[in-house]
Each structure stands twice: as structure tokens, then as C-alpha cells.
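These protein sequence lines are chains A and B, in that order. In this text, residue positions in the first sequence follow the numbering used here: the first is 1, and each later residue adds one. In this text, residue positions in the second sequence follow the numbering used here: the first is 1, and each later residue adds one.
It should be emphasised that the hints constitute simulated quantities derived from the structure, not laboratory data. The beta-carbon is built from N, C-alpha and C at its ideal position, and this holds for glycine as well. One or more hints might be untrue.
Which bits of chain B does chain A cover? Going by a derived footprint, with three or more residues having C-beta under 8 Å, they are [as the list claims (entries may be wrong)]:
1. 22-31
2. 164-174
Here are a few chain A residues that face chain B, going by a calculated C-beta distance under 10 Å [what the hints assert, rightly or not]:
3. D117
4. I214
5. L215
6. A216
7. D217
8. G218
Here is how the chains run, residue by residue.
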Amino acid sequence: MSHHIVEVQDLRFAYPDGNEALSGLSFRIHHGESVAIVGANGAGKSTLLLHLNGCLVPKQGTVRIGDFPLTEKTLPDVRRTVGMVFQDPDDQLFMPTVYDDVAFGPLNLGLPFDEVDARVRAALATVGGEHLAKRPPYRLSGGEKRAVAIATVLSMSPNILVLDEPTSNLDPRARRNLITLLHGFEHTKIIATHDLDMVMDLCGRTIVMHRGHILADGPTRDIFADDRLLDEGHLERPLSLR
Amino acid sequence: MPKIDTSLFEIGTLDRLAAGDTDIHALDPRAKLVTTLAFILTVVSFGRYEVASLVPLLAFPLVLAILGRVPGPYLLRKLLIASPFAVMVGMFNPFLDQTVLLNVSGLNVTGGWVSFAAILLRFALSVTAALVLIATTGFAQVCMALTRLGTPRIFATQLLFLYRYIFVLTEEGLRMSRARDLRSFGRRGTGLRIYGFMLGQLLLRTMDRAGRIHRAMLCRGFDGEVRLNRRLRWRREDVLFVCGWLGFFALARVFNLPQELGQMLLKVIA
């Protein structure tokens, strides 16, 4: 199914202050692949993710999601295809109740009442959050917030999931639950993270970024075995590989 | 700082109450909103010296609070917190208006005192009614009712977001002030200049967050309209509720009910 492919070609981007965040990236991610994007703070991971559903517009180069190049016209389709989970759930959960928040996307797609309701329930059930439906999002614990943030995206039935630091600020149990949850998804997954042990568990392929470039792109096991490469990318061997 | 913490906690109480399940909660939010607005208009329309004729109107917030199980002490506390505003407005009336209106067993009651009492009563009535409305309906539902009744969407959206992010904002402010307190031993570091920096910082952070939230909304197809997946239905109860209370307000406005009742009682006795 070609429409789940993510293809980035010679992507360049500079912030308005002149700071070049991405200087020529190219990669291709296939349907069902689970890919980690790792690298030092400020390597450009989040900036890259923001390009994948058109939150930022590249200065040069192209992003293709499936059969469409990402342009102004294809934006709504791309955004339905690519579900983006942001780093801080407080940015993502902006509605008065969890239910309303999960319903936000489907309602904007113009779906009818019953369909929206069914999708909300299904998405909440997937993340184990049915009992949270009526709660206001600011009252949830960190782990619950993260789960609900993922549900808000799942309710739009995306084909590609993009997650920015999904395990940050979670306690070990909540982190484990999240990893199990992500394991169960057959979506194409693109995960930016510092949690290399999670990468070991979830991602077959890893892209190492460094100062806006791709330092390495390959099978996770090979990359994490290369100490020189890890050092260059300000990384460390995950505990499970020591 | 504990003050901010506790008042935030009290906003939370409002949410908890709104999740209740009484007949009042079950009414259509539009019905409650319209009635409450009509109530406030009625209360405000009374003359400056009318105190006794306002008293029957107490029935509206009282009945709703009792049926909707809104605890009285909570309402009183909220009323007290807001009361300084009303007191300030009416404070000078007793000094400015010295005309004697009535004489109660040798004590002269001036127009100033009467109008002061009227201001306090009107304030208490309107604020209680608004509080009871939110406590039995929920903020989001009130906003939804507002849009359905024709308030510009942007206005309701603003209110919704204000309510959602006031918690995040205060928490951010609290964290900053805690961090400052921990490193400002005694008085140094708590001056106005530092305060200014902190406010500036808070503004910048808020703008950043606003940008991120907007992005998150766009990612999920936001097009300027916030939709809620709820069906509102007018039932017979709602019609009865609105008509009943509007009728009562009209009666209380046109007739001085306590006076009429008193006269009726006198006639019966005579």
C-alpha cells in the first residue's frame, strides 16, 4: 500500500532567526515500519517531525506522504493520514473534557454524531481510558494524559503515527504500558526520543540525527552496537545492550 | 501562595458539582442560561430604594441550589470573596444620601443605607444565580448554550480556552514564584523589578504555548469552529422551567409581593 509511505528528499529548513535546523535530509519509510529518530538535544528531531504533517513548511526539498507531495492543497488529507502526538500533553488536550478532546478531530472531519461517538469510545478503549471520558484533562496524571493524547489522534484513524518523546516524564509502569500499547499498533510509527531502551523494544530501524544532518540510518541493533557512532551522536548504548 | 492554590481548588469544586445528576442538571443548558439572564435583568431593573420587593426573587437561586444540591456554605464563601466589589460600589451611599426615608422605633433610616442594602442584595442575587447556573450546568455547557443562542463563536471559544488554561497558567506562575522564593533569601530577589521580569517571562511562555496549542489544533483539522458532540433537546420540562420562572419574575417585578401579601393577610384578619 503505497499511500502509507513517508518520503523526505533533501529537506532543508531554517528558523526565522536564521538558525538552520535541518540541512538536507533524505529518507524513505515504508508501510508498517517502526522508526526511531534519535540524537542530541537540538539535533533537529522535533523540527523534522513538524514537517511530516505540514506544521512547518520546508525551505527546500519535499515531503511526500503516500501518493501526495505535501502542499497547501493536500494538507487536510495529509493531516488525516499522519497522526501527531506532541511532547507536552497539555498542548494537545485543550478541550473541557477528555471526551470532547478525543471527539475534536472526528468532528472537524465532519463525521456524524453516532460515528464520532463510536470512534471516541473505541479510541479510549484502545488506550484503556474509558473511565476518563468525563474528566477534565488537567486533572489527569501524566500517564493518563499521554494515553488520552494518543487517543485524540487514534480517533481520526491515521495510517501513520508520529510521536515526539512519548515516554518522557512517565513513571516506569506508565512507560511500560505505553510501550505495550504502541507495540499493538500496526500503524507506521515514527518516534523521536531519548529513550533508547524503548527504541530497542519498539523500533527495527533507527535514524541518528546530528546538527540537522542524518548521521546514520539503519537497523537499530547495528547502530546501537557502534560505540563511535553513538558517541558522535551524543548517545550511549542502551542498558539492555551493555 | 497557598491562596491561589486553594482558590484553584475551589474552581475544581464547581466542576465536580457540575457533574452531578439531579433534575436541575438534566435541564437543557439553554433553558437555564436564558432564565438566569432574565433573572439578572429583572434584579438589576429594580429601583434604588427597593429592598423588600427584591426579597421574593431569592426564591430562584435558593430553589435551584437546593434541587441541584449545591452546598450553601460553598455559595456563601464565593459570595464573600466577590463581595468587596459590591461594598466598594455602594460604600459612600450612606454618606451622600442623608434623606430620611423611614423611622424604625426612633432610629432614622436614610436613603443612603436603603440604597446600599439594595445594592448588596442585588449583587448577592445575581452572583448566586450565576454561580448556581455554572454549578448545575458546567462551564463548557454554558459556553455551548451561548453559541447555540447566537453569541459569536469566537467569544465562546475564548471563554472555553480561558477556563481550560487558567489552571496551566497559574501552575506555571506558581512554579516560577516557587523557584524564585527558593533562591531569594529573605527579601532580596522579591522586588518589583524581578516581578516584572517574571511577568514578561510568563507572557512569552504563554505565547509559545498558544502557538503550540494552535498547531496541535490545526493537526486535528481545526477550522475556526470548536464543535462539541452533544445533542441538545428541548423537552417539556425545559419549556415549563423557563415559562414558570419568567412568569414569576414578571409578577415580582410588577407587584410588590411582600406588601400585597401583607395587605391580604390584614384583610383576612380584619
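We went through each hint and held it up to the structure:
no., hint, result
1, 22-31, "violated (count 0)"
2, 164-174, "holds (count 4)"
3, D117, "6 Å, holds"
4, I214, "24 Å, violated"
5, L215, "27 Å, violated"
6, A216, "29 Å, violated"
7, D217, "26 Å, violated"
8, G218, "30 Å, violated"
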